[in-house]
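Asks: With the hints in hand, could you dock these two chains into one complex?
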Amino acid sequence: MIGRRRYWRLKTKLLFLTLFTSALGIALVCASLIFVENQNYRKQLESELHVIAGILAEQSAAALVFEDNQQLSSIIASLKRIDTIRQACVYDQQGNVMTSLSGRQQGQCPSVGPSLEIGFVGDAYRLLMPVTLDNEVVGQLFLASHLEVLRGHIRTFVFVASGIGAVILIALVFLALRLQRIVSEPILKLSETAERIAQDHDYSIRAPVSGTDELGRLGNTFNEMISTIQQQNRRILESRDSLERIVEARTSELSMANRELEAFSYSVSHDLRQPLRAVEGFGQALEEDCGDQLNDVGKDYLKRIRAASVRMAGLIDGLLILSRVSRQSMENQTIDLSQLLEEITEELQGISDEVPTEILIQPGMWIVGDSRMLRVAFQNLLANAWKYSAKEEKRVVQVVSRREGRWVSVEVRDNGVGFDMRYIDKLFVAFNRLHTPSEFGGTGIGLATVYRVVRRHHGDISATSQLGEGASFVVKLPVAEDQG
Amino acid sequence: MRDHLKYLVSLVLSLSLSLASAHASIRSEYEVKAAFLYNFTRFVTWSNGVTVSEPLDVCIYGDEPFGDLLAPLRGRKSQGRELQLRYPSVVADIAGCDVLFIGQSQSRNVDELLKMAQSQKGVLTVSDLPDFIRKGGIVGYVKQGNVIRFEISLKAAIEAGLTINSRLLELAVRVLR
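Just so you know, the sequences run in chain order A and B. Quick note, the first sequence lines up with residues 1 to 484 if you use this note's numbering. Quick note, the second sequence lines up with residues 1 to 177 if you use this note's numbering.
Looking at chain B on its own, in the form it has when it is part of the complex (with noise of 0.2 Å):
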């Protein structure tokens, strides 16, 4: 009877502790951004004739959402480009980067951001911000359900001069055009 007992009991432990791994599995939505993020680079084409050798500056701008998800980024190569992390803290300071990530802290400085981007040109604006497309984003992530998934403007793209691969075209929720 104890020995029964015994039994079960192990096989109640064994069966919580292998769904909390189970659970550990499952990525948090930041994670997943942070990889949508990266994935991202891969399929935009920066037509301001850069070069190979210039790595790639993905900029993060607002308080950071990310933590240290980011970190693996560092030194990781896009289309042959080395991905390089910067966190501006001032508007002025999103000169020369190549992808910019505006937080949802930034949801007031969304258009001045914008604005400053635009005008830089080879500028891919990314965030979580809601409707952020309609603003004038390029790509904007939304949440369906569970599901982390992507918007794009198209219009946006090829007037800050970028080509969006038609594979990433295929995969957003919503492109505007």
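Just chain A, same shape as in the assembly (with noise of 0.2 Å):
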């Protein structure tokens, strides 16, 4: 019962608190009204009879002792007149019946004895009054007036009070119906608007408020809410929308700064060539033309001008390479980088030396990527594991590949002479080398490759080594999702 009336209405709730309340306050004082009218109708015709009694005692105390029974059949007939008097009976002091009231339907009169009840008895009342001479007891009055009356009187007493009751009660209703708006109003107004509010997200709706009572506080108290948070919002939007023109201007003017450096670098490296190309190609003519013009130090000379033309043109295919690794779009696949691998495997051993070569490459290798790339960086990484190994008795290159959570890790190993790990900040910036040209040679290009591939593969890359024991280089690229 009162789980359902959790889900009434608060006006229902209101409205059936007042009415329950007054209806039982009714009722209680309805009930003790009509206890109170039956105590006092009772006392009052309690009283009567004694009355009657004492008087009709007093009146036949000297019959009764003369034993006159015409006097007392006429003393007792005077009862006729009164039409509660059910039965009335005088007894003699041996308790033998003198005389009853007749021509009314009775019983027989009931013997004088203790057995003999007294007071209200079912529905009649009985009375035994002693009637007394001198102080002695000469004999009985038996009266027993029946109760219709007070019934009637109750019954009328109790159509009446239910009649008024039910009265005020509907009069109360219409005032409960009223004065339940007081309380309700505000609530429902409150609750109206959060949940406009809520629905709309129109936080500049107020709740109207009206008293300083506590609902007139709940209402400030929900408005002053209700106006943070609507400051909070705005504020929110404010430095939401600052943030994005920030963030715009700062990509702009980044990406037009790369796109200046990138034309720059691509020029530069482009624009380059052509005099070196001069350089070269004269230096050559020189050599073959007016080769026997010079003596042994001019040829040394030229040779060493053509040595660093053509060392040159390396470094500048190398920053152009780099510069198209970081300017070209990705084109993303699946590739099968054992058999990459493989290939560019083969094409550095029918460029190689002497040098008897083991080469394990983990088979079944895929990974995901711009195969264009990943091959230039793989490739740097195994030129360089062929170069540093050079000069070993036996090249040993191995490539593994592990997967570890999101990752998948692809490490290439030699056994060349290693380096200083001191050195590792150094090792993946442009032109930084960490073996001097004529131990080995290169542009100092590579590994900065490799770094901005794998970047831009938004992997990693990181590489460990002891000098003269090898290194390691741990490519890690991210599995794409599909990627089991």
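Just so you know, the hints here were simulated from the structure itself, not pulled from any lab data. No residue lacks a Cβ here, since even glycine has one placed at the ideal position from N, Cα and C. Treat the hints loosely; a few may be bogus.
Unchecked claim - Partial chain B-side listing against chain A, Cβ under 7 Å, derived: (1) N39; (2) R42; (3) Q79; (4) R167; (5) L168.
Replies: In structure tokens form, the structure reads like this:
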């Protein structure tokens, strides 16, 4: 029952509360009035009967002692006028019935004794009064009055009381309907406002507030909270807008700078080739056409000039590749890395020195990325492994792959000279070389290119080495969502 | 058959016994008169300044018809006064009586006795002599069929300085005023 009431509307609850309480009150008042009235009426009836009995007893004392039944009958006959008296009997000292009220439907006079019930018995009030003369009991007077009048009176009283109660209750219904609004209206308005705000996300709406009671305070607090939310919202929106503007500006600035830089490096590399080709071409022409006019010193200088120009061409190529891997758009696809590596090592072996080589490539390695860029990256890594292990008796190059959570790592290991871990910071920076050109040739751009490619694939690269113990480069690439 | 007879006999016996006991409960004429005599004293007020502590003298004059029926009255109280029974044998002895019952044997001495009583004042005279109240008595027994009743001479009572309760007057067959 209470569980169901929980889902009543506030109005209904308030109405129920008011009406239930007042109905209970009215019912209690009516009940107590009826009870009191009943008691009073009974007392009144009792005292009336006692007065009547007293008068009769006093009147019949003489007749009793002189055993004058005629006189007794005439005394008792006066009771005929009282409708409520049902039975009246007079007993002598020994308890014999002297006379009784005739002309009434009645049973026999009850015998006097301790078994005679006195007071309100069933639907009658019974009274036994001793008839005394000089303080001596000379007989008994028995009266029985039916309670129909009392019943009728109480019934009428109950009807009137219930009628008045009902009228009051109806009046209270109207009153409660009006008065409950005092409490329910502000709450309903507040709840409506809250719902509207939640629905429309319109924080400019305010709840109407009236009065300074708890409901008024609630409304005020609610409004304050809403305005705080409104202000904070505005601030968030403002800061988001400004952030967006800043990001936009920065992005455009950055991309412009990037484009300029790339264009610059491309044009530099491109334009540098032109004079270099001239240097190389005329160097070659000088050697071929005027070689015999030069002495040995001149020939040595010329050879150095040509070697430098070749190195510079390599440098420019590296720069072009670096700039290309930075600029190129990416086309991601699944690549059979094992096969790619096989192809690269075949190329490397084709141009290779005499060092016996053992290549161990784990079969069945698959990665996702731009195949051209990744080819450049792994070509660089393998070429490095080749190059720095050229002075070993036997070259060993190993490529293995591991899956680490959302990453796949590919390790390229060689048994070459390795590098000093102190200079690890400079390893992936362009034009930084850990070995002198006399030891190992190179441009210092290869690992920078590898680094750039890996970063563009949102991956990471790390290197570990010990001098003379070989080096290990680990490329970590993220696993694509659809890749098992 | 014999059992039935036995039953019948016992039934008849018990019936006759119960009838006998019923007869016994019916009081004799003088028993009623004795009770009345006592009851008269309860409805009469003596106005000659007697106090409660004084006993109420009830004198029975003439040959005694009550036997020992009056014995229960001895020592009983009427309006607070203790009853005393006296049996005076000569007229002079009735002095000091509050109630004087004159027996039927004294029909010739009634006038003398009444005169004596009237002169004494405050004497309730009672008798079952016929026409007693005409002769100047106050209360007289009369017999109506089987029922004993009484008549009262209010005049004589007032002359004797007695007040008679109206309740008693209501019950009287006849009241002389």
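Asks: Was the hint right that N39 (chain B) lines chain A, CB cutoff 7 Å?
Replies: It holds, given that the least Cβ distance between N39 (chain B) and chain A is near 4 Å, below 7 Å.
Asks: Is the interface hint for R42 (chain B) satisfied, with its Cβ closer than 7 Å to some Cβ of chain A?
Replies: 6 Å, holds
Asks: Does L168 (chain B) hold up as a contact with chain A if the rule is Cβ-Cβ below 7 Å?
Replies: 6 Å, holds
Asks: Given Q79 (chain B) was flagged as interface, is its beta-carbon under 7 Å from a beta-carbon of chain A?
Replies: 6 Å, holds
Asks: Tell me if the interface restraint on R167 (chain B) is satisfied: Cβ within less than 7 Å of some Cβ in chain A.
Replies: Interface hint status for R167 (chain B): holds (4 Å vs cutoff 7 Å).
Of the hints listed earlier, there is not a single one the structure fails to meet.
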